[in-house]
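A.B. asks: Here is how the chains run, residue by residue.
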Amino acid sequence: MKTLDSKIPEGPLHEKWDNRKAEYNLVAPNNKKKHNIIVVGTGLAGAASAASLAELGYNVKAFCISDSPRRAHSIAAQGGINATKNYPNDGDSIWRLFYDTIKGGDYRSREANTYRLAQLSSNIIDQAVAQGVPFAREYGGELATRSFGGAQVSRTFYARGQTGQQLLLGAYGALMRQVDEGKCEMFTHREMLDLVVVDGRARGIITRNLWTGEIERHSGDAVVLCTGGYGRVYFLSTNAFNSNGTAAWRCHRRGAFMANPCYVQIHPTCIPSSGHYQSKRTLMSESLRNDGRVWVPKNKADVDKPPHQIPEKDRDYYLERKYPAFGNLVPRDVASRNAKYMVDAGLGVGPQHNAVYLDFSHAIKEQGRDAIKEKYGNLFHMYHKITDENPYEQPMRIFPAVHYVMGGLWVDYNLMSNLPGLFVAGEANFSDHGANRLGASALMQGLADGYFIVSRAVSNYLAENRFEITDVSTDQGEFKEAEKEVRTGIDKLLELNEKAKAKPADQQRTVMDIYRDLGEIMWDKVGIARTGEGLKKALEEIPKLREEFWSGVIIPGDDDTFNKYLEVAGRVADFLELGELMARDALERDESAGCHFREEHQTEKGEALRDDEAYAYVAAWEYQGMNEAEKLHKEPLEFEFVKLKQRSYE
Amino acid sequence: MTLHLKVWRQKDANSPGRLESITAEDITGDMSFLEMMDLVNERLVQDGKEPVEFDSDCREGICGTCGLTINGQAHGPERGTAVCQLHMRSFSNGDTIVIEPFRARAFPVVKDLVVDRAAFDRIIQSGGYTSVTTGPHADANTHLVPKPDADRSFFAATCIGCGACVAACPNASASLFTSAKLTQYAMLPQGQAEREIRTIRMINQMDEEGFGNCSNIGECSAVCPKNIELENISRMRREYLRAIFKMGGQAEHTD
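Protein sequence lines correspond, in order, to chains W and G.
First residue of the first sequence? That's 1 in the UniProt record's numbering, and the numbers climb one at a time after it.
First residue of the second sequence? That's 1 in the UniProt record's numbering, and the numbers climb one at a time after it.
I should point out that these hints are in silico values taken from the structure, not numbers from a laboratory.
Backbone N, C-alpha and C define an ideal beta-carbon position, used for all residues, glycine too.
Check each hint, because a few of them may be wrong.
Claimed, not checked - Sample of chain G residues facing chain W (criterion: CB under 8 Å; computed from the structure):
#1 E53
#2 S56
#3 D57
#4 E60
#5 C63
#6 N71
#7 Q73
#8 M88
#9 V114
#10 R117
#11 F120
#12 H137
#13 L188
#14 R242
All chains should be built: construct the whole structure from the sequences, respecting the hints.
C.D. replies: Below, the structure is given as structure tokens:
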């Protein structure tokens, strides 16, 4: 029986991390060069981990799926990064950032992890500035900050709308320096397809060279997984096309627990899908809701009319009507849910009837076009470019989209999974955001994990287990076996093409077809709002779709060359299993918490209604085999320092 | 719309390539250029043919993964726009569109429209950073940076490393890319300690990779999806002279 020990340190909240650091064993400088560490993924968490471990003297092998580590999806983060510097003198503190984050997550994250995140936030800014990250500055030369949702202080540091890009380039520079110094070997365009476990410890990975198809074995004394989130299980999301859940899922299949997979953040202000060919969803800053008014026509008959032909009396400003206190500035999950209700009720606007209006005409009338341009000019320009509609002249069309997953591989306080030697950092783990992530905190977690936690925790693991971590060779059985399984898996995928060709022409479907169908099931039934009934339906539909996939889909080409469709086929195969687990987790969690909204459980005001008696735990799932129900383990969440309250922003 | 595509097909860097004609039907103006390519590929796959390989990832114009030469222009006809943000309404029914990979000796073709831009990573490896380790650093506000300098540094730092500048340059020069990175650090106090070494090493590396020299044509800046300015290249030249005077052209400090 595997047990879940969160290994939270002793002592008061503010001393826990210091206590843990004092307890950590160290590796002597002359011994560090004897250890090889594998880091998979080179986004904020991965690049920061790889650079920091190499700086210490370990031999690092870093892997990324892109053609360069600079392209990880962390670059797409726009808004900013939170830190408790209190530069504006507005009363910020570690406690406040901690409290905002744990409340924002609807009390479903660990106190100790969240507190450590707040503690480290300030160091991250110092680190990034020392690296030459060009943050926004005031005229006096000091760093500028701005405010973000869920907080009453100004603690968000930013580099215009490119904060993620600039922070990543800082970490990438640090990584490139280590490559130049020979302490880190970089493997680009590689996909991790399996984890190698030797004597119960993570000791290596199997990768595929995406340009040549070559399967490779790599060994190490520890594996650090930083492969991001699995939001693309929905097909359409704000995530980049290559973001996927495969590396994490393959670790899960090797025994690592998957925690809280149903927690998915949906962002309310995205440009709606414009057709079946749509490849992704584009996020527009949430700040637009400060001046935009959300509405739909009152009458279904009006949905196809141009908005200016619908008089005031026939417009339903539904957020202002239902939530008079907050109006258009209700929290993300409430805004998302209500947009869905309107579209489901047949009141959606636009050519696809899949959007609600975000109208700036009142604001333009009151404040003038120039004032609005000053505030949102770049966003209006981007919207205009994508939709060919001028938002100064007619309302924007918006609809929610999948944005970030709070679930991920289970880790203890040391960021180690239940598999010894497998560390998981950044979005790939489940740990710090609970059931809902506040804005500007994803970058913070990726870098806190990467720069300041992983290197210490890995050192401790190596020192503590130095007699158990014996030499391994990639020629030994476990590596050969894992490689064989990977190769068999790829052959199985390529055979699907033959099976598809044997089907009648009208039943021949491509990987993308199946992928889109999975996305639709997930969005409709495991999306913004869930019901027990819908989730049960999803649990019937996903296995059926999986069966259809394995009965034959068109996958062109071979495995010995660049073959995008083959890559995607492998990822979709994994999503077809992960999607089912997400639905199962959502069904099992018979309460509403943060972004997990079960319609059966809501307050009179339509807020998420938690059941702390029954569900104040982390759900950690153990793989039992394909088509087998996973086994649930529970890590109770203990709240020693904060009082659990109904989340409210009134 | 129906469009007549002439798409470059090439098995790998060592094989000869050729333009293949493909007809793209039912294309709407709302599609991005890459969504048009997705649709074309989906139909090729359904017909039992091999799809056209091309690079893309974020599709928001920020990751720098995508990059096609469209009718001879890197990233296509719209200024300041990465190909993923180019929409088909820029084209008309019946148009012929020639789609080729970025062409430069330093960017070998991987397959079809995909090229290997690892040379850019090696330029960064040779000094495109400040040599600080992870750990406690002075409080971030210890270094004051005047806003105009910070802004200039930021604008240079917005380079997404897509390689369009190289593809557009008749000499396949990487000067815009390299100079943008040099400018970012030259404007900041954090970049001063290694200012000269960085300049010499990065410029040497640029030459070693097989990129050509800059001859002031300016096409690089014209096609840049992030509008990186040509003045960065002039600054790089001044930085190089400064480094020569201070370091004697050596990439290492000598006692």
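A.B. asks: Run every hint past the structure and note whether it holds.
C.D. replies: Results of checking the hints against the structure:
1. E53: 5 Å, holds
2. S56: 6 Å, holds
3. D57: 4 Å, holds
4. E60: 6 Å, holds
5. C63: At 5 Å from the nearest chain W Cβ, G/C63 passes the 8 Å test, so the hint holds.
6. N71: Constraint on G/N71 not satisfied, violated at 20 Å.
7. Q73: Result: violated, 18 Å to nearest chain W Cβ.
8. M88: 10 Å, violated
9. V114: 6 Å, holds
10. R117: 6 Å, holds
11. F120: Hint holds; G/F120 Cβ to chain W Cβ min 7 Å, cut 8 Å.
12. H137: 4 Å, holds
13. L188: This interface hint holds because 5 Å falls under the 8 Å limit.
14. R242: 18 Å, violated
Violated hints, in rising order: 6, 7, 8, 14; the structure is consistent with all others.
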